[in-house]
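Protein chains: 4
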Amino acid sequence: MIQITLIQIDNYGPWTVTPGPRAEPDLQTLQSRLYGDLEREFGARGGIVFYNRFDNLIAISNGIGKEDHIKIQDSIRNRYPITVSMGVAARENALEAQKVATEMVQKGGGAQSKDRHEILNIDSLASVEDSKVQIAHIDIDDITTTLTDVTTAYDTSIVVYDVLIELMKELKEHNGLCFFIGGDNYMAPSNGITKSELREALRKVDEKTGVTLKAGVGISKFAGRAADLADLGLEDIRADLTDDSVLVFNDK
Amino acid sequence: MIQITLIQIDNYGPWTVTPGPRAEPDLQTLQSRLYGDLEREFGARGGIVFYNRFDNLIAISNGIGKEDHIKIQDSIRNRYPITVSMGVAARENALEAQKVATEMVQKGGGAQSKDRHEILNIDSLASVEDSKVQIAHIDIDDITTTLTDVTTAYDTSIVVYDVLIELMKELKEHNGLCFFIGGDNYMAPSNGITKSELREALRKVDEKTGVTLKAGVGISKFAGRAADLADLGLEDIRADLTDDSVLVFNDK
Amino acid sequence: MIQITLIQIDNYGPWTVTPGPRAEPDLQTLQSRLYGDLEREFGARGGIVFYNRFDNLIAISNGIGKEDHIKIQDSIRNRYPITVSMGVAARENALEAQKVATEMVQKGGGAQSKDRHEILNIDSLASVEDSKVQIAHIDIDDITTTLTDVTTAYDTSIVVYDVLIELMKELKEHNGLCFFIGGDNYMAPSNGITKSELREALRKVDEKTGVTLKAGVGISKFAGRAADLADLGLEDIRADLTDDSVLVFNDK
Amino acid sequence: MIQITLIQIDNYGPWTVTPGPRAEPDLQTLQSRLYGDLEREFGARGGIVFYNRFDNLIAISNGIGKEDHIKIQDSIRNRYPITVSMGVAARENALEAQKVATEMVQKGGGAQSKDRHEILNIDSLASVEDSKVQIAHIDIDDITTTLTDVTTAYDTSIVVYDVLIELMKELKEHNGLCFFIGGDNYMAPSNGITKSELREALRKVDEKTGVTLKAGVGISKFAGRAADLADLGLEDIRADLTDDSVLVFNDK
Numbered sequence: 701m702i703q704i705t706l707i708q709i710d711n712y713g714p715w716t717v718t719p720g721p722r723a724e725p726d727l728q729t730l731q732s733r734l735y736g737d738l739e740r741e742f743g744a745r746g747g748i749v750f751y752n753r754f755d756n757l758i759a760i761s762n763g764i765g766k767e768d769h770i771k772i773q774d775s776i777r778n779r780y781p782i783t784v785s786m787g788v789a790a791r792e793n794a795l796e797a798q799k800v801a802t803e804m805v806q807k808g809g810g811a812q813s814k815d816r817h818e819i820l821n822i823d824s825l826a827s828v829e830d831s832k833v834q835i836a837h838i839d840i841d842d843i844t845t846t847l848t849d850v851t852t853a854y855d856t857s858i859v860v861y862d863v864l865i866e867l868m869k870e871l872k873e874h875n876g877l878c879f880f881i882g883g884d885n886y887m888a889p890s891n892g893i894t895k896s897e898l899r900e901a902l903r904k905v906d907e908k909t910g911v912t913l914k915a916g917v918g919i920s921k922f923a924g925r926a927a928d929l930a931d932l933g934l935e936d937i938r939a940d941l942t943d944d945s946v947l948v949f950n951d952k
Numbered sequence: 701m702i703q704i705t706l707i708q709i710d711n712y713g714p715w716t717v718t719p720g721p722r723a724e725p726d727l728q729t730l731q732s733r734l735y736g737d738l739e740r741e742f743g744a745r746g747g748i749v750f751y752n753r754f755d756n757l758i759a760i761s762n763g764i765g766k767e768d769h770i771k772i773q774d775s776i777r778n779r780y781p782i783t784v785s786m787g788v789a790a791r792e793n794a795l796e797a798q799k800v801a802t803e804m805v806q807k808g809g810g811a812q813s814k815d816r817h818e819i820l821n822i823d824s825l826a827s828v829e830d831s832k833v834q835i836a837h838i839d840i841d842d843i844t845t846t847l848t849d850v851t852t853a854y855d856t857s858i859v860v861y862d863v864l865i866e867l868m869k870e871l872k873e874h875n876g877l878c879f880f881i882g883g884d885n886y887m888a889p890s891n892g893i894t895k896s897e898l899r900e901a902l903r904k905v906d907e908k909t910g911v912t913l914k915a916g917v918g919i920s921k922f923a924g925r926a927a928d929l930a931d932l933g934l935e936d937i938r939a940d941l942t943d944d945s946v947l948v949f950n951d952k
Numbered sequence: 701m702i703q704i705t706l707i708q709i710d711n712y713g714p715w716t717v718t719p720g721p722r723a724e725p726d727l728q729t730l731q732s733r734l735y736g737d738l739e740r741e742f743g744a745r746g747g748i749v750f751y752n753r754f755d756n757l758i759a760i761s762n763g764i765g766k767e768d769h770i771k772i773q774d775s776i777r778n779r780y781p782i783t784v785s786m787g788v789a790a791r792e793n794a795l796e797a798q799k800v801a802t803e804m805v806q807k808g809g810g811a812q813s814k815d816r817h818e819i820l821n822i823d824s825l826a827s828v829e830d831s832k833v834q835i836a837h838i839d840i841d842d843i844t845t846t847l848t849d850v851t852t853a854y855d856t857s858i859v860v861y862d863v864l865i866e867l868m869k870e871l872k873e874h875n876g877l878c879f880f881i882g883g884d885n886y887m888a889p890s891n892g893i894t895k896s897e898l899r900e901a902l903r904k905v906d907e908k909t910g911v912t913l914k915a916g917v918g919i920s921k922f923a924g925r926a927a928d929l930a931d932l933g934l935e936d937i938r939a940d941l942t943d944d945s946v947l948v949f950n951d952k
Numbered sequence: 701m702i703q704i705t706l707i708q709i710d711n712y713g714p715w716t717v718t719p720g721p722r723a724e725p726d727l728q729t730l731q732s733r734l735y736g737d738l739e740r741e742f743g744a745r746g747g748i749v750f751y752n753r754f755d756n757l758i759a760i761s762n763g764i765g766k767e768d769h770i771k772i773q774d775s776i777r778n779r780y781p782i783t784v785s786m787g788v789a790a791r792e793n794a795l796e797a798q799k800v801a802t803e804m805v806q807k808g809g810g811a812q813s814k815d816r817h818e819i820l821n822i823d824s825l826a827s828v829e830d831s832k833v834q835i836a837h838i839d840i841d842d843i844t845t846t847l848t849d850v851t852t853a854y855d856t857s858i859v860v861y862d863v864l865i866e867l868m869k870e871l872k873e874h875n876g877l878c879f880f881i882g883g884d885n886y887m888a889p890s891n892g893i894t895k896s897e898l899r900e901a902l903r904k905v906d907e908k909t910g911v912t913l914k915a916g917v918g919i920s921k922f923a924g925r926a927a928d929l930a931d932l933g934l935e936d937i938r939a940d941l942t943d944d945s946v947l948v949f950n951d952k
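Chains as they are written, first to last, in our numbering: chain A, 701 to 952; chain B, 701 to 952; chain C, 701 to 952; chain D, 701 to 952.
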């Protein structure tokens with residue numbers, strides 16, 4: 701079971717323009733700091749957060765219970781001008797878990813409701829025994845020599861975001877999620893996706909976008925450890941220790 | 701003339717995996733903090749930064765000269781385990797400016813070169829007289845009621861990133877750039893793009909993605925002020941003060 | 701048993717002036733961020749950190765073991781241009797615990813040694829059963845009306861730091877420590893100090909400095925909870941629920 | 701003329717305990733982040749901030765006008781759960797400037813007033829021609845070998861804070877201020893204090909505390925540059941380029 705927490709800023713849209721529009725550099729700082737701080741909080745507890753849309757962040761939160769979620773909500777309220785609501789769900793795959801986690805937040809009220817404050821709706825938590833997180837760390841082969849160092853920054857970005865949207869859609873077909881994590885790197889919560897399915901998915905995206913993708917996959921009880929294992933897999937592929945485009949490390 | 705600074709972390713890829721892969725939550729925190737801090741530095745000087753790919757950030761830097769760029773590079777070196785190189789160029793449109801800014805960085809060495817440290821290559825700076833920044837702040841109509849509150853967080857994200865990639869490509873046709881700035885918001889440095897061109901570009905993206913886009917456009921000498929004006933334009937459209945999908949405020 | 705971690709930046713003095721002196725605002729930002737981040741890391745794990753001298757920070761770390769200390773050291777190395785060494789010790793009182801924790805760091809090499817990197821020397825850890833943290837939260841009666849609102853900011857600060865140094869010395873006599881935590885607030889790890897001893901200590905400092913001090917005391921297994929209880933005690937005194945200058949809450 | 705800005709958090713005391721006491725690690729993080737951010741804002745504009753008591757911060761703000769003060773206040777409001785009021789004054793010496801700056805804040809309402817929000821009261825600004833900042837960077841000789849490496853962290857801190865309070869009082873006699881900036885370092889805004897007066901002041905504090913102090917002094921139009929010069933002076937003393945305990949660099 702993978703446990704997903706959807707974190708949504710309460711009534712953020714209206715706040716950003718009340719009384720008048722707030723300065724964009726301030727909002728950008730607020731959002732990036734909020735993401736960084738949530739990453740620290742979940743990270744210190746073995747989880748990982750993806751910024752997603754910055755006002756709706758998605759965390760893999762296996763091992764993190766109700767009390768810790770409350771502490772995190774409190775710590776945001778105590779340091780930010782905004783509050784966050786959270787929905788939590790554990791399911792066999794990440795797509796389903798985020799679906800239910802979203803519903804848990806929606807149940808508490810709309811994203812622009814004035815009345816919703818720091819809702820924490822927990823559908824389910826993964827027990828330590830049932831806990832399982834599979835993460836694929838995907839990157840683009842040789843992006844530095846083929847793109848970053850030879851074309852414009854913007855053209856490179858177009859490729860990187862093209863790959864992102866194709867990965868997002870393709871992995872959804874297999875009940876996975878995919879997030880951009882900077883550079884030419886993507887992370888995909890991918891419980892239940894087999895090695896051959898992932899290999900095939902990458903191949904399809906390769907064809908559509910013209911790049912060559914590879915992936916290290918980590919499987920563990922908690923997200924931080926799974927991401928570490930995924931990184932090790934990716935390192936081994938980079939070091940040509942395998943010809944495969946996918947390498948899996950499983951410590952379960 | 702719009703002045704663009706490309707900020708590239710020196711030798712970042714290799715650093716993230718030396719001696720072994722560094723913990724992903726740490727890297728995510730590092731990247732989001734770096735972005736937030738660069739936003740503060742450029743923002744305090746009237747500019748604005750887009751995180752772009754986090755290891756390659758793009759700033760509109762009109763009004764910010766050589767000495768300030770050096771101070772910003774120093775401040776990063778003094779507080780981070782990494783350093784940043786920068787290329788700067790002023791041109792009639794943003795696409796061309798980022799192209800030359802990229803070349804300025806590339807001239808200093810590769811993104812994964814061990815020998816490149818804190819290069820600052822300035823092709824050109826916009827004088828106060830010639831300085832002009834046009835920014836479009838684009839968002840999706842009624843995303844809260846049509847997506848955020850009724851579908852899953854991930855499905856909403858797919859739409860938002862679909863719109864992003866279409867905007868990136870479409871605005872490039874008009875020598876503009878486009879960046880995601882969180883929520884359902886995009887910012888497009890768009891010097892030289894007329895109101896009708898932008899209206900038509902939004903309409904094309906609407907057709908491809910199924911959403912309805914609108915844009916406030918600000919024109920001023922410096923990026924911070926142009927973004928403020930763009931926000932005001934967007935507010936007026938939201939308040940139904942116009943039927944147009946594009947509203948321009950120009951204080952030049 | 702109270703468990704103390706001494707955190708010392710490795711070779712910090714030389715680093716601040718190499719190759720030349722680094723800009724003071726950068727160093728001040730670095731130090732305050734480092735403190736804030738360590739506070740998040742220890743705080744997320746139930747502990748608390750005092751900035752002390754900023755390059756030598758003192759944490760109450762009951763409940764935080766070897767692996768977590770390593771993760772915290774790693775997270776600093778991954779995000780800062782400096783590294784930190786740590787010494788850990790559990791003792792009956794805070795003065796003795798910090799003494800041994802300091803020796804643990806010193807054993808690893810000098811504060812300006814080029815060879816010392818991320819030493820983690822653990823003398824002892826408090827078991828969950830033996831764990832006990834007593835914290836006094838001390839503040840000055842009516843500082844706003846008697847000082848902040850009527851005299852100069854600097855003169856108020858002189859009083860506040862006068863009280864600090866007297867508290868530091870007085871509580872040392874009872875094997876306690878004392879730290880300034882902002883405003884007119886002090887926190888004293890005070891295992892083993894009785895209510896009457898603390899009352900008498902405050903009275904002595906009152907006489908020397910001309911202010912009136914009061915204290916909430918919290919006793920619990922972990923520092924975060926003990927600080928919460930101390931805050932509650934202080935609130936009750938402020939609300940005149942007692943005439944005593946000291947109020948103790950003990951959840952052990 | 702030295703220009704001082706007193707920054708005071710609005711109604712902070714009551715906020716920290718409403719509805720109940722907020723977690724101390726959260727407050728400590730808030731305060732250290734606020735200080736770090738204000739340091740960035742003033743630092744980017746050539747100034748410097750001392751944390752002082754964290755809820756009452758003192759900045760040397762020569763060169764920073766009304767509009768920039770407002771932008772800084774806005775940036776705090778947009779990213780923090782609290783707001784800040786400011787008083788500004790330019791005078792011949794720092795003690796007098798902070799006195800008037802304090803009065804400017806007090807005029808706007810009490811530190812715990814519910815009605816005071818983001819007051820900005822400017823008594824006077826230093827013109828570029830009249831602008832002059834003198835800063836002494838003071839440190840303790842050989843603290844690493846005499847204290848840090850051989851005694852306990854707490855005993856070293858007692859010495860460091862003893863020196864602080866003596867410096868605070870002694871320099872006040874000469875119309876200067878003094879702040880602790882971490883490690884064994886102090887910074888003293890010291891317009892008008894001659895080299896021999898400073899030498900004598902350090903000698904007196906040496907006698908009272910048993911340490912040996914030295915100081916680099918920088919004089920320039922703006923605080924950042926003055927601090928840089930002070931650092932260079934201190935470096936030269938450390939390098940035994942002079943036998944004097946005080947070295948002055950003046951670029952005016």
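Mixed in with the good hints there might be a few duds.
Same chains, same names: a pair is fine if it fits in one copy or spans any two.
Claimed, not checked - In silico lysine to aspartate or glutamate, EDC-like type, Cα no more than 16 Å apart, as pairs:
(1) Lys-807 - Asp-849
(2) Lys-895 - Glu-796
(3) Lys-908 - Glu-870
(4) Lys-952 - Glu-829
(5) Lys-869 - Glu-796
Keep in mind that the hints were calculated from the coordinates and are not lab data.
Okay, the hints, checked on the actual structure:
In the homo-oligomer, the alpha carbons of Lys-807 and Asp-849 lie at most 16 Å apart only across protomers (9 Å), although the nearest pairing inside one protomer, at 48 Å, exceeds that limit. In this assembly of identical chains, Lys-895 and Glu-796 lie within 16 Å of each other by CA distance neither inside one copy nor across copies; the values are 20 Å within and 43 Å between. For the identical chains of this complex, Lys-908 and Glu-870 are intra-copy neighbours only, at 11 Å inside a copy versus 19 Å across copies, given an alpha-carbon limit of 16 Å. Taking identical chains as interchangeable, the C-alpha atoms of Lys-952 and Glu-829 lie at most 16 Å apart only when both belong to the same chain, with a minimum of 11 Å there against 31 Å between chains.
Taking the closest pair of Cα atoms, Lys-869 and Glu-796 come within 16 Å of each other only inside a single copy of the chain (15 Å); across copies the shortest separation is 32 Å, beyond that limit.
Of the numbered hints given earlier, the model fails hint 2 alone.
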